[in-house]
Amino acid sequence: LGRWNKGKALEYLSGDEDLLRELCEIFFRESPRLMGSLREAIEKQDALVVQRVAHSLKGEASYLGAAKTTEVAGKLEDMARHSDLSQAATLFMMLEHELEGLRVSIGRTVEEVR
Amino acid sequence: MSIPDPSILPAVASPVQAREKVLIAEDDPVARHVLRNWLQKWDYEVVAVENGLDAWQVLQQETAPKLAILDWMMPQMDGLELCHKLRGLERGAYYYVILLTAKGGKQDVVTGLDAGADDYLTKPFNLDELRARVRAGQRILDLQSALINSRLALQFQAAHDPLTGLWNRGAIMDVLARETERHRRSGQPLGVVMADLDYFKDINDSRGHLAGDIVLKEAGRRLVAAVRSYDAVGRYGGEEFLAILPGCGTEDLLLSGERLRHCIAGQSFNVGDAHICVTLSVGLISARLNEHPSLDYDQLVRLADAALYRAKDAGRNRVEDGSLARVLKQGAS
Numbered sequence: 001l002g003r004w005n006k007g008k009a010l011e012y013l014s015g016d017e018d019l020l021r022e023l024c025e026i027f028f029r030e031s032p033r034l035m036g037s038l039r040e041a042i043e044k045q046d047a048l049v050v051q052r053v054a055h056s057l058k059g060e061a062s063y064l065g066a067a068k069t070t071e072v073a074g075k076l077e078d079m080a081r082h083s084d085l086s087q088a089a090t091l092f093m094m095l096e097h098e099l100e101g102l103r104v105s106i107g108r109t110v111e112e113v114r
Numbered sequence: 001m002s003i004p005d006p007s008i009l010p011a012v013a014s015p016v017q018a019r020e021k022v023l024i025a026e027d028d029p030v031a032r033h034v035l036r037n038w039l040q041k042w043d044y045e046v047v048a049v050e051n052g053l054d055a056w057q058v059l060q061q062e063t064a065p066k067l068a069i070l071d072w073m074m075p076q077m078d079g080l081e082l083c084h085k086l087r088g089l090e091r092g093a094y095y096y097v098i099l100l101t102a103k104g105g106k107q108d109v110v111t112g113l114d115a116g117a118d119d120y121l122t123k124p125f126n127l128d129e130l131r132a133r134v135r136a137g138q139r140i141l142d143l144q145s146a147l148i149n150s151r152l153a154l155q156f157q158a159a160h161d162p163l164t165g166l167w168n169r170g171a172i173m174d175v176l177a178r179e180t181e182r183h184r185r186s187g188q189p190l191g192v193v194m195a196d197l198d199y200f201k202d203i204n205d206s207r208g209h210l211a212g213d214i215v216l217k218e219a220g221r222r223l224v225a226a227v228r229s230y231d232a233v234g235r236y237g238g239e240e241f242l243a244i245l246p247g248c249g250t251e252d253l254l255l256s257g258e259r260l261r262h263c264i265a266g267q268s269f270n271v272g273d274a275h276i277c278v279t280l281s282v283g284l285i286s287a288r289l290n291e292h293p294s295l296d297y298d299q300l301v302r303l304a305d306a307a308l309y310r311a312k313d314a315g316r317n318r319v320e321d322g323s324l325a326r327v328l329k330q331g332a333s
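Chains as they are written, first to last, in this note's numbering: chain A, 1 to 114; chain B, 1 to 333.
Hints were generated in silico from the structure; no laboratory data involved. Each residue gets a CB set at the ideal place from its N, CA and C atoms; glycine is no exception. Any given hint could turn out to be false.
With a Cα cut of at most 25 Å, we get these calculated DSS-like pairs of lysine-lysine [as the list claims (entries may be wrong)]:
no., chain 1, residue 1, chain 2, residue 2
1, B, Lys217, B, Lys312
2, A, Lys8, A, Lys68
3, B, Lys41, B, Lys21
4, A, Lys6, B, Lys41
5, B, Lys201, B, Lys217
6, B, Lys21, A, Lys8
Ranges of calculated distance between the beta carbons of each label pair, as one might list FRET restraints [said to hold, decoys possible]:
no., chain 1, residue 1, chain 2, residue 2, range
7, B, Arg19, A, Gly107, 46 to 52 Å
8, A, Leu48, B, Leu89, 28 to 34 Å
9, B, Asp43, A, Gly15, 18 to 24 Å
10, A, Pro32, B, Asp142, 25 to 31 Å
11, A, Gly107, B, Lys41, 24 to 30 Å
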């Protein structure tokens, strides 16, 4: 549960639980697509695409108060900007791990909200 | 300066009545959803696109939103490039641009403002931040639209007679000068009509200037209604009107002159409880300017005026033709 700071997310959203739930739904719909693009770009060693997709992931996660995901995606974006993909695969695995954790903790809370 | 009757002012969109539009250009669906959700709650009409190119297309439309929230990093065209393009537009309307940047992003805020953004927001922003920035933008846009409206009103006042709402003397002479040269080029005949209310001074003297004003206003309204929508009617002097009828040969012009005379004489004027009979004397001229290279717009007015005097001399409430063939023939005899 440490992965997700619901209070922080609600702070951004001025306590709008409905909006938070909608955002979570969008995030879970979008993140697999983004992760797919990211995996493909890392395999092709396409730093430009890695940078762009990591940026998107960072932006979306930041709204949900998913601090760790935001941080890891931001790191990947920065490294890709400097055309450094040496840590990309490791960071990708960390992201996958984080997202899985998020899915569980957010999913549980979203159910509670409902 | 007297304020013209609001009913004759051009229609200008009021910012209060219509729902304000705002453009969101953001490829991130989460941020897009947040923006849309809040802006709609504040009663904005939201247009949302996912890349800079679509945003550029939306902003070039006639009824484009004037407030734009642009993500810095977007596919196809980023927010920065879009700012540059917007500021390069040669157009009166001002776009208020709020640029979205990612927290901890390397983008320099100064770069964004230099590119022409008015303000910026760092993602993730909260509700209060967004509302404050959007309000600041709205204030600027409201001010802008108030300025545009007052400029339009001034433009209107500068070219129109405040009493009748017709073109004033300067403006109708501009129209005539332009039409004269246009017709000289096209070879089409140009019709010019000088008309004067008969015994108008008597109305002023016997019923007062207020009654005179009512008659002038009503006469102006009738004259405009009696000509085609693309003809121009101006108040040339006190009770004297000048009408320009593009493409009008002598025969058609005589019919129009008669119609103008009749629209005044055919129906009495209601002033308070009184019904006043008013008549109109008309002098007109139709000329093919390509056949008379030395004839200018000033002389057209003088010829129409001379015909008007003949109409007055011959008993008023009539139409006299001052067309060249006639004038030349008279000169020869």
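Against the structure, the hints:
no., hint, result
1, B:Lys217 <-> B:Lys312, "holds (22 Å)"
2, A:Lys8 <-> A:Lys68, "holds (13 Å)"
3, B:Lys41 <-> B:Lys21, "holds (13 Å)"
4, A:Lys6 <-> B:Lys41, "holds (23 Å)"
5, B:Lys201 <-> B:Lys217, "holds (15 Å)"
6, B:Lys21 <-> A:Lys8, "violated (30 Å)"
7, B:Arg19 <-> A:Gly107: 46 to 52 Å, "violated (37 Å)"
8, A:Leu48 <-> B:Leu89: 28 to 34 Å, "holds (30 Å)"
9, B:Asp43 <-> A:Gly15: 18 to 24 Å, "holds (21 Å)"
10, A:Pro32 <-> B:Asp142: 25 to 31 Å, "violated (44 Å)"
11, A:Gly107 <-> B:Lys41: 24 to 30 Å, "holds (27 Å)"
In the structure shown, a violation is registered for the earlier hints numbered 6, 7 and 10, in ascending order.
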